[in-house]
Amino acid sequence: MSYLLRRIGFYLFTAWAAITINFFIPRAIPGDPVQSMVNRAQGQIDSNAIHSLYVLFGMDTDQSIFSQYFEYLGQLLRGDLGLSFTFFPTPVSEVLGDSLPWTIALVGLTTIVSFVLGTGLGVLVGWRRGGWADLVLPVTTFLSSIPYFWLGLIAITLFAGDGGAFPSSGGYDPGVTPSFTWDFISSAVLHSVLPAVTILITSMSGWIMSMRNMMVTVSQEDYITVAHAKGLSERRVMVSYAARNALLPNVSGFAMSLGLIVGGTLLMEIVFSYPGVGYELFQALGAKDYPLMQGIFLVITLSVLVANLLADVAYLALDPRTRREG
Amino acid sequence: MAVPAADVAAAVPVEEPAGKRRQAFRFLATGKAITGLVIIGVLVVLSVIGEWIAPYDPSARSSDLLEGPSGRHWLGTTHLGQDILSQLLVGTRSVMVVGLVSGLVATILAVVIGVTSGYLSGLGGEGLSAVSNVFLVIPALPLIVIIASIVPEVSTLGIALIIGCTSWAWGARVLRAQTLSLRRRDYVEAARATGESTWRIIGVEILPNLTAVIASSFVGTVIFAVLSEITLAFIGVSGGAEWNWGTILFWAQSQQALDQGAWWWFVPAGLAIAILGTSLSLVNFGIDEFVNPRLRTGGRMRAGFTPVVRGGDR
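In the order they appear, the protein sequences are chains A and B. Residue 260 in full-length UniProt numbering sits at position 260 of the first sequence; the count goes up by one each step and never skips. Residue 275 in full-length UniProt numbering sits at position 275 of the second sequence; the count goes up by one each step and never skips.
If we strip away everything but chain B, and leave its shape as in the complex, we get (with noise of 0.2 Å):
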């Protein structure tokens, strides 16, 4: 998702022609969409360079507690004296890494299990989206907390994986009914009629036709595993040594942070959580309105307050 995320991002100035060029990824086009993939390729950036960048080791202990923000700890310093601001980019990865990573996994399992589901029909079809009701139904975070907490000295990809592997049901259950209804359309029959293979008519006449509800399943996905990871980080079910946002809330509630007026301790960590989640939702509704036209804001089209005027583009 980066890579497309750091095309568009670059193609904002060239407006309409690279809109055009880039056909296959033509939903990330609408200015929601390219505020949030902007957002997201600045924190992409920042994980993969907030290691040499950040200040201070984030775990290096020096002998200013708990400071407030200043000129040589810029977001204040922890009750060890560790820099807030060098622990939130070096955790920024983590953060990526899981949001990537299970929404990887989820996607390519929803996909899987989604689009088979609902191109199969009879038994097979039917088993595949029992499973995923299945899913669906269990509630993922109760679980995902009771298997990351059982499972013994639990790393960041572990934790990415349980969460992929357990959020996947709804993709898959979005994917399936809209599978359905592209089955029956004509141009698959035409494609059944001239002898096309399954995996073939699956591969080339349906996924791309899948393509903006995949990416606003994957989205989705990405938003819920980024604030699952950082909740399980702060009720500290995160055995792992590695510094991410969740870890250093998980600090501050422990240190008591805000009973003593350490406001940095917290606030930086939460914004950037919020914005990160804000971004993904921007691309999820930039992806929505290019579904569904209807969506867009703006009431330019009504006059008055008959909406007559507006048959046209129906």
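Pulled out of the complex, with its shape left as it was, chain A reads as follows (with noise of 0.2 Å):
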């Protein structure tokens, strides 16, 4: 237990530290997004509401650095992110609620699928080893190796566009509204296909280089030569004794990129146009949007933290000897 609790601290200093990263980069912007956004309006904004943009966007002159700090926190506790530039006078926490959802959907069902099909790969590339299984490390070497955002654009090209069966970008038809209906879900899952279809081509050689060099590694071990000698069929040697022991650097690598889902498919987003988080970036860095970068960074981070607070949680139930650790 006390491994836990030590985890646990760890996972607040990180919190913490991140939180203060994010404190302090607007702050050494050279340049004044309040006054930006100002001349964007073509005065239309009077000077006592810059002076209250200026608190609110944390740029207030006349405190000191420490206690905009503190303030800031209180102001984190409160779940208050702060008002987006973009979308003014929208809270960042509602722009965030609106593309969590569209993010977490589609990159969790995919990273889910990758990890499956990866670990499943693996276990057969590392099982049989030479003749055809060789091979898919090259190949699945290369397609990782293709950057992300370059496949998705192929992709488009391919099988969206003018007689493609795909649309193109976005997250559903604009015809419809987001709700339970088939329409909007039909929808939604055709605009989802091309997107998840590349993360998964080039995500999942990850997962079979790392479970193939784990299976390759324990079917040395002694107790797979004793499952072979005891008459054991093949199958079972592979599934139960060698894939089972080998498959536990690729969970806690597992819980870890649940993390990435938040951040880790911006190309994704802004080549597709999805409506999710880093597409939100993406918008926020053309625009200038401090308050909505900090938002999605702080966001992104956090689920990175809670991730990995799982994975050792999944490590400490798998793997007895953290447990006799601590």
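Hint data in this document are derived by calculation from the structure and do not stem from the laboratory. Think of the CB as a built atom: it goes at the ideal place given N, C-alpha and C, for glycine as much as any other residue. There may be inaccurate statements among the hints.
Said to hold, decoys possible - Pulled a few chain B residues facing chain A out of the computed Cβ check, cut under 7 Å:
no. : residue
1   : Leu136
2   : Ile138
3   : Leu258
4   : Gly270
5   : Gly277
6   : Ser281
7   : Arg294
Claimed, not checked - Residues from chain A that keep clear of chain B, each with C-beta distances beyond 12 Å, as calculated:
no. : residue
8   : Tyr3
9   : Phe10
10  : Arg78
11  : Leu121
12  : Phe184
13  : Leu266
As the list claims (entries may be wrong) - Here are the simulated distance ranges between beta carbons:
no. : chain 1 : residue 1 : chain 2 : residue 2 : range
14  : A       : Leu143    : B       : Gly122    : 30 to 38 Å
15  : A       : Arg244    : B       : Pro55     : 15 to 23 Å
16  : B       : Leu65     : A       : Phe184    : 38 to 46 Å
17  : B       : Ala60     : A       : Ser169    : 28 to 36 Å
18  : B       : Val131    : A       : Thr217    : 26 to 34 Å
19  : A       : Ser186    : B       : Pro293    : 50 to 58 Å
Put the two chains together into one complex; each comes in its own frame, and the hints tell you how they fit.
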């Protein structure tokens, strides 16, 4: 138990570090985001409002950096991430609330499928070395070296656009409204096919590689030899003896990749204009929307932390050695 | 890294003796690693001479607008009549510089922090390890994107430094783990008993045994750095006027090259990236196989399906 407590302590520390980085990044920016926003509004904001904007965006020059910092922490505790510049005056938390479900649904499912398929293939490739199985490695290595956005763009050209079967951008048809109707769900699924398949192609090789390497390492252990000697079927030895023991690193990798869901698919969302968090970050970059950038970075970091904590819990459950240590 | 790369690549025909001569970089002498190194060597050469062998100035406009590959423009032209082959050749340098510089920066940070935190016990070691764990879990790509976008007029070198300073944590963690296990080995204890200084033990006894791990983390960082740079350029964050493969794709995307059927604008740059990435991964596989001989491919060691015969190699 003390192991888990130590990990939780560490994650709290990391969360604090991330929040602090988050606080200082926009304050290190030369230039004045509020001024640029005032310019964009072309004189429709009066001077009182401008001052309150400075306070809101944490750019109040009358305050010391320390009191700004504590005020910022207090705001975060209340779940207040400030107001978005681009979607002014919508709060950042609301903007994030709109985009998070898209990312989580699409990339979450894809990550699970990629993990299952990749690990399964890795088991096979690691078990049957030589022959066709060895060809899987170079092919998947090449596929995973292709920059993701490039593959996405090629996929759009080949399968979307004029006469293509799939839509090239967006999360659903502009004609339907998000709700639990057949129209909306089928449209959303159709829109997610290309992004999902392209992520699968580029992300699977990592799982295959690590699973294969673990399988190869494990298959030389004595207990595998014993299992063979007992006359167990090849399949049984592969699945219940080798794969089961080789799975551990991949499981912890899986939990880590759950955290990367939120941030790791920035490019997919940009290429497909998918209405998720990554696309939101892209728009925020273009509009110099610092509160939104900060909010997104914070959400991404916190989700990685939570996933890491889950990974630790999974490890604790699966590997007795960590339990003994604590 | 370029020097040993060239050396080993040159040593390909002279197989065994050359491998023995270069003990320090023995781990690069597997088939996969050599294939990767040869490709990287070619790209390094291109990055140096690219500017001279490029047939045109990559930014020069001409009247051949959006033309497909032809005798005059081997890889076609852009919407402004710029020669894509020239952009690709000139852009190689920036990609290689970013890969090399951020790889070096990250590896040096990783070695210093990883080995120190592994070797020193007590508060110092724990503190350094905590720092690298923090950097490990903070997602690098969004952080890089945000920092690069708010630093005004960031140059290629600046991008390389940002990437290098944010991506050392994984290497540091691996090196720390390896150092922790080396620290208690007999030969290190012996060195300590004979009164060698801490820095001599780290430099002479421990570091040489970490070469393969360091090389592998260097290669891994280079892959990450190259992909990050190209990603940044592609989403338009690299402010510099320098060409790189990502910039080509950025223009192709913003001019909707694919909708106009201009595949020659997209395909070469993407393939170039994939080839570079694959060759780096091959080098890493080679190193992995050196570190863990069980990973070597080939099923020859198997007799029937009973692996008992292999008992000898353990």
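Under 7 Å is the threshold here; is the Cβ of B/Gly270 close enough to any Cβ of chain A for the hint to stand? holds (4 Å)
Distance rule for A/Leu266, whose beta carbon must clear each one in chain B by more than 12 Å: Given a closest Cβ separation of 6 Å, the condition is violated.
Does the claim that A/Leu121 lies outside the interface with chain B hold up, using a Cβ gap greater than 12 Å? holds (16 Å)
Residue hint B/Arg294, partner chain A, criterion CB-CB below 7 Å: Where the cut-off is 7 Å and the nearest Cβ of chain A is about 5 Å from B/Arg294, the hint holds.
Hint validation: B/Leu136 versus chain A, beta carbon distance must be below 7 Å. Holds or violated? violated (9 Å)
Please confirm whether A/Tyr3 is truly not at the interface, meaning its C-beta sits more than 12 Å away from all C-beta atoms of chain B. Consistent with the label, A/Tyr3 stays out of reach of chain B, its closest Cβ about 15 Å off (over 12 Å).
Is the hint on B/Ile138 kept, meaning its closest Cβ partner in chain A is under 7 Å away? holds (6 Å)
Can the suggested window of 50 to 58 Å be confirmed for the beta-carbon pair A/Ser186 and B/Pro293? Distance hint for A/Ser186, B/Pro293 holds at roughly 52 Å.
Can the hint on B/Leu258 be confirmed by a CB-to-CB distance to chain A that is less than 7 Å? OK, holds: B/Leu258 within 7 Å of chain A, min 4 Å.
Between B/Leu65 and A/Phe184, is the Cβ distance one that fits in 38 to 46 Å? 43 Å Cβ-Cβ, so the 38 to 46 Å window holds.
Cβ-Cβ distance between B/Ala60 and A/Ser169: within 28 to 36 Å? holds (33 Å)
Just want to verify: A/Phe184 was marked as not at the interface with chain B; is every Cβ pair farther apart than 12 Å? The assertion about A/Phe184 holds, with a minimum of 27 Å to chain B.
When the structure is compared with the earlier hints, violations turn up for hints 1, 9, 13, 14 and 15 and for no others.
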